[in-house]
Amino acid sequence: MTAPIPVPTVAPTLEEPMRPLPTLITRLRGPRDERGDVPGWVLITVMTAGLVAGLWAIAGSQLGAMLREALASVAG
Numbered sequence: 012m013t014a015p016i017p018v019p020t021v022a023p024t025l026e027e028p029m030r031p032l033p034t035l036i037t038r039l040r041g042p043r044d045e046r047g048d049v050p051g052w053v054l055i056t057v058m059t060a061g062l063v064a065g066l067w068a069i070a071g072s073q074l075g076a077m078l079r080e081a082l083a084s085v086a087g
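With positions in the sequence shown counted from 1, the corresponding number in our numbering is that position plus 11.
Note that these hints are calculated values from the structure, not bench results.
It should be emphasised that the depicted structure is a prediction, and the values quoted were computed from it without experimental measurement.
The C-beta atom is built at its ideal place from N, Cα and C for all residues, glycine as well.
Check before you lean on any hint, since a few could be wrong.
What the hints assert, rightly or not - Label-pair distances were calculated between CB atoms; the ranges are:
1) PRO33 with LEU62: 37 to 47 angstroms
2) THR34 with ALA76: 53 to 63 angstroms
3) GLU80 with VAL53: 32 to 42 angstroms
4) ALA76 with PRO33: 51 to 61 angstroms
Given these sequences and hints, build the entire structure.
Following this line, the structure appears as structure tokens:
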């Protein structure tokens with residue numbers, strides 16, 4: 012007579028077979044390109060520099076006076 016086959020007492024959930032799937036997908040995709048969005052960063056940097064230069068040209072003396080006044084009030 013053969014031994015009875017053990018029956019699991021807790022049924023596995025439907026999610027258990029899917030658990031390794033994200034790791035498998037990541038490995039199949041291969042290494043990612045880590046360069047990022049270089050043209051976007053260049054555009055943002057150039058636009059920021061342009062805005063700073065424009066504000067400095069238009070309101071440089073007022074901004075300087077505001078900064079000196081603020082530092083003088085903090086220094087006491």
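Does the hinted range 51 to 61 angstroms hold for ALA76 and PRO33 at CB?
holds, 57 angstroms
Within 32 to 42 angstroms or not, the Cβ separation of GLU80 and VAL53?
Because 36 angstroms falls inside the window, the suggested range holds.
Confirm or reject the claim that THR34 and ALA76 have a C-beta distance inside 53 to 63 angstroms.
holds, 60 angstroms
May I ask you to test the hint 37 to 47 angstroms on the CB atoms belonging to PRO33 and LEU62?
For PRO33 and LEU62 the Cβ distance comes to about 42 angstroms; the hint holds.
Checked against the numbered hints above, the structure breaks none of them.
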